[in-house]
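**Student:** One letter stands for each residue in the lines below.
Protein chains: 2
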Amino acid sequence: MNDSLRGRAAPEAIPHNPYARMRMNAIEIIAKKRDGQTLTREEINDFVQGFVRGDVPDYQVAAWLMAVFLRGMSYQETADLTLAIVNSGDRLDLSGIAPFVVDKHSSGGVGDKTTLVVAPIVAACGLPVAKMSGRALGFTGGTLDKLESIRGFRADLTTEEFLAQVREHGIVVSGQSKDLAPADGKLYALRDVTATVDSIPLIAASIMSKKIASGANGIVLDVKVGRGAFMETEERALELAQTMVRIGRSLGRRVTAVLSDMNQPLGLAVGNAVEVREAIDTLNGRGPADFLQHCLTIAGQMVLLAGRAKDEHEARELLLHQLHSGAGLAKFKEMVAAQGGDTAYVDDPDRLPKARIVEPLPAPQSGYIAAIDARQVGLTAALLGAGRQKKGDPVDYAVGIVLAHKVGDYVKSGEPLLTIHANAADKLRQAQLRLREAIRFSDAPPQPYPLIHRILRDTDVA
Amino acid sequence: MNDSLRGRAAPEAIPHNPYARMRMNAIEIIAKKRDGQTLTREEINDFVQGFVRGDVPDYQVAAWLMAVFLRGMSYQETADLTLAIVNSGDRLDLSGIAPFVVDKHSSGGVGDKTTLVVAPIVAACGLPVAKMSGRALGFTGGTLDKLESIRGFRADLTTEEFLAQVREHGIVVSGQSKDLAPADGKLYALRDVTATVDSIPLIAASIMSKKIASGANGIVLDVKVGRGAFMETEERALELAQTMVRIGRSLGRRVTAVLSDMNQPLGLAVGNAVEVREAIDTLNGRGPADFLQHCLTIAGQMVLLAGRAKDEHEARELLLHQLHSGAGLAKFKEMVAAQGGDTAYVDDPDRLPKARIVEPLPAPQSGYIAAIDARQVGLTAALLGAGRQKKGDPVDYAVGIVLAHKVGDYVKSGEPLLTIHANAADKLRQAQLRLREAIRFSDAPPQPYPLIHRILRDTDVA
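Just so you know, the protein sequences line up as chains A and B, in that order.
0 is the number of the first residue of the first sequence in numbering that gives the first Met the number 0; add one for each residue after it.
0 is the number of the first residue of the second sequence in numbering that gives the first Met the number 0; add one for each residue after it.
Pulled out of the complex, with its shape left as it was, chain A reads as follows (with noise of 0.2 angstroms):
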């Protein structure tokens, strides 16, 4: 057989089997984007579809998924990704809750335990919050799993049990739901196993497609820049914030992107019970500075998104009041009770899974804190139970590491850097080499990282 013609052969060879003619669509698309092309919405439409009901095989989706990565996708094609992935399944109606629900993203990062002050604090100021949240994976941590170091805590709401939370109680925080934008499913599964995951059009619509099938009219995403995020530099994080907030706006939404610092991790702790304490205690107004800083930036951009203050001040105002008035905490509580959660556990976080073991690093020389390598940090946690090496496996809630210290902070010799907290000795003294290896020092102090490295709206984009 002549390799080379059978391949120029098969675009004209089956024109009347309806079967073949679907396969040569499929193939005619990828070679429109192998060649660097633009797709159609109709095209994207029917690759998408196609392949959630069966007719593309996973194969031809695989090479298309190289071709997007290596060939890129303009705007538009990315907006019709979205839009196809969001078709694949149902939509939330939210319209009848309030006129508008905001909901908050982050890209995921190491002690990101945002969304646990961030929506108190906005349901306390009336307005809804409905938000569909992540499991740990990897080097990072997942708002789900810290949730469920409640004792009760119930992650898995139905989408009637979402719906009427949030109608109810104006907070909801649940696990995405399977029948929402299934072919994202689908296509991360493949991305994962194909090298296609690190392409800023496959992650924006993924990302997207969840939060527009998830009914919000309002999305503040968080977007984490550094070694302990995706998007190791402020460049491709910019350029992921870009493309969602274009995305957003084509689809109708009202989407602001803050770019924030993920080089070390967020706030103090990292793990889950652990974070989840730093999160009361932030709701009750001894938060670690960054953290709470971040959490009023966020959550501010949902109120100013929605309406609910004039400018950037009056929005810290306002959240400020929630936080001191105890409502925001109040708010938490009333969400842990809704979703079957033990409110004792907030009143006491003492009653929180502990670990068998927490003993302290201390520092190996005097000196300041020059980095702390947050993906580093991540993956101790994970190592120590906190997090999962693949998707399934069960969490460890009440492993983790607590810092004492952060980055341009002086230490001296011998004085406790960060506290760990391990079930098992042979982990502890893993979790002690990778931790010394994380931390690094310098003489002079180090320059500091900025906690916002900008915050982009959708006005702001051409």
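One or more of the hints may lead you astray.
Repeated chains share a single entry, so a pair holds when one copy, or any two copies, can fit it.
What the hints assert, rightly or not - Heads up, simulated EDC-like pairs for lysine to aspartate or glutamate below, C-alpha to C-alpha not over 20 angstroms straight-line: (1) Lys-31 - Asp-191; (2) Lys-389 - Glu-27; (3) Lys-390 - Asp-197; (4) Lys-405 - Asp-289; (5) Lys-332 - Glu-167; (6) Lys-389 - Glu-41; (7) Lys-411 - Glu-358; (8) Lys-390 - Asp-89; (9) Lys-31 - Glu-76; (10) Lys-405 - Asp-347.
Honestly, the hints are just simulated from the structure, not real lab data.
Quick caveat: nothing in here was measured; it's all calculated off a predicted structure.
Fit chain B to the given chain A structure using the hints.
**Tutor:** The following block gives chain B in isolation, referenced to the frame of chain A:
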């Protein structure tokens, strides 16, 4: 779930599960090629053997093929891929048959009955020819289908029969053994449906792996250039030729590539029985001039590779002697007989299958023939039934097209341009319409096509 983080996490996620490690390696190999890095021989071999064993699933191979398509491969990587495909199956050992066995391969064309003449005249020189051929697909014909228009001819020899015949008769033309280079068929099937056919390293490795596995010491590659070829430009054809010649050299084979013209059909006949008749006519010294010259070039390079002549002139004299003495025709009959064919068909080509309708197509105007679009002629022959739209379709041996004129000829309005051999009136009409479109006229004599664009020897490449 944070989309962005799952992916980053993956490569670090499952270090101790051996199955997962296997998959991780596949992901790393895909990612390396995706990023334009060079794969090692071991990586390429692991990936290909993993695919053949079923350990690397087709979706991973599909993503990898697209990465190869868009990122390319070095000569070394292409040779390593060729070797990996060869290693997926058996190798024929022809060393017991003769010190030097030659083979030829055409990249496929329209009216390309070259093997039917070249194999016997080379074998008649005492140089064993062991050739595995292909079947028609799309716009191209297949040597095996042509030979099967001779009653009884068997193109499906076993490996034992193949070896016995070349040992006994010094000539054999049969189908590709399924035991040789099985990875090629699997890879091709996937390329065909993932828009990754038209990649020079993939084409080169596909062709060369089959040739290497077939055991010949010397290989002449007939790389077609033009409208009726897979490589439409001389630049692409040269790139393919250079790649294949280099692969051959790095795997210890003597290889010469002939870039030959395929803008118009080769010779006059396009079909199965009509091409066999033209080949027999040529062996009888009455073939079309262009086809004869082409055959003498290809055969001459085979004779030169084997060291049976000191230069092209001597090779040509030797081959013309086989033609004029009748030794070539005798060898052809010997092969037909050995493979179960009825040699009465060779003695009297009128016995070959005949179409019910044989109708000339008159010239619509007077003028010089400026172009006869080989691709359109090939597609039209396939439409008449001479070819296949997809693998496994039956072919009609009787139908086809026989040109009366070639590019550069002057014709008068109404004079026959060609004869259509059809078995159905509707197909005849469709063929007439298509063929009228395929032929262009000019008032002035057109620039003639070169028959041979270039000859590339392994001593020519750096």
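**Student:** Taking the hints in turn, state whether each one holds.
**Tutor:** Tested hints:
1. Lys-31 - Asp-191: between (23 angstroms within a copy, 15 angstroms between copies)
2. Lys-389 - Glu-27: Between copies, since 17 angstroms is at most 20 angstroms while 35 angstroms is not.
3. Lys-390 - Asp-197: within (18 angstroms within a copy, 38 angstroms between copies)
4. Lys-405 - Asp-289: within (10 angstroms within a copy, 82 angstroms between copies)
5. Lys-332 - Glu-167: within (14 angstroms within a copy, 91 angstroms between copies)
6. Lys-389 - Glu-41: So Lys-389 and Glu-41 fail the 20 angstroms test inside a copy (35 angstroms) and across (28 angstroms) alike.
7. Lys-411 - Glu-358: within (18 angstroms within a copy, 100 angstroms between copies)
8. Lys-390 - Asp-89: Classified as neither; 24 angstroms inside a copy, 41 angstroms across copies.
9. Lys-31 - Glu-76: Answer is within: at 13 angstroms inside a copy they meet the 20 angstroms cutoff, but 26 angstroms across does not.
10. Lys-405 - Asp-347: neither (26 angstroms within a copy, 95 angstroms between copies)
Against the hints set out earlier in the document, violations occur for numbers 6, 8, 10.
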